[in-house]
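Based on the provided sequences and hints, a complete structural model is requested.
Its first residue numbered 1, the sequence shown is counted upward by one per residue in the working numbering.
A few of these clues could be false.
What follows is a set of in silico ranges between Cβ atoms, one per label pair, in the way DEER data are often shown [stated by the list, open to error]:
{"id": "1", "residue 1": "V22", "residue 2": "A139", "range": "17 to 25 Å"}
{"id": "2", "residue 1": "M146", "residue 2": "L61", "range": "20 to 28 Å"}
{"id": "3", "residue 1": "P45", "residue 2": "V65", "range": "24 to 32 Å"}
{"id": "4", "residue 1": "L36", "residue 2": "A134", "range": "21 to 29 Å"}
{"id": "5", "residue 1": "L64", "residue 2": "A131", "range": "32 to 40 Å"}
Hints listed in this document are in silico derivations from the structure and should not be mistaken for laboratory results. These numbers come from a predicted model, not from an experiment. A virtual CB, placed ideally from N, CA and C, is assigned to each residue, including glycine.
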Amino acid sequence: MRARTSAHLGADFTRLWTASAVSTIGDGVTMVAGPLLIASLTRDPVLVAGAAFVQSLSWLLFSLVGGVLADRLDRQRLIVAVNAVRAVARGGLCAAIATGTVTIPLVYAVFCLLGACETIADTAAVARLPAIVAPERLAAANARLMATFTGAYRPSHGRT
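Written out as structure tokens, the structure is:
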């Protein structure tokens with residue numbers, strides 16, 4: 001018997017799954033690196049903890065918005081658009097760090113934007129599954145996508 005792979009779920013699923021995995025790794029790195037970046041700017045523990053709080057708070061603030069957007073817009077384009085916004089935001093933050101112009105409010109704003117985009121992209125990815133996976137394989141696709149979402153350190157997904 002052959003081992004089941006993402007190829008059994010279709011090329012569209014494989015692309016969505018790969019994109020979600022790459023984004024999730026970036027989100028996990030940001031969740032860990034964020035407080036370290038703030039700690040390099042200040043010794044105030046409240047401000048350091050605030051970096052993780054801002055990212056997690058976005059799930060509370062943008063979950064409903066993400067659902068509405070995923071229901072009303074083309075999900076694939078939405079995922080691409082918010083991931084492009086995330087790339088630009090991370091690039092801008094890297095530029096601010098490299099030029100020595102990074103500030104705590106800038107880091108918080110970028111992390112809030114990243115969290116909002118993460119919420120929207122993840123919601124759209126889950127909502128897109130029924131359109132790209134055969135009904136009899138939907139449970140496997142959902143399981144694989146959820147495993148990917150929780151594979152990185154992401155407290156917003158219930159992992160501690």
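For each hint, the structure was consulted:
1. In this structure the hint that V22 and A139 lie 17 to 25 Å apart at CB holds, the actual value being about 24 Å.
2. For M146 and L61, the hinted distance range of 20 to 28 Å is satisfied, since their beta carbons lie about 22 Å from each other.
3. Look at P45 against V65: about 31 Å separates their beta carbons, and that is inside 24 to 32 Å.
4. For L36 and A134, the hinted distance range of 21 to 29 Å is not satisfied, since their beta carbons lie about 43 Å from each other.
5. Separation of L64 from A131 is about 21 Å and departs from the stated range, judged on CB atoms against 32 to 40 Å.
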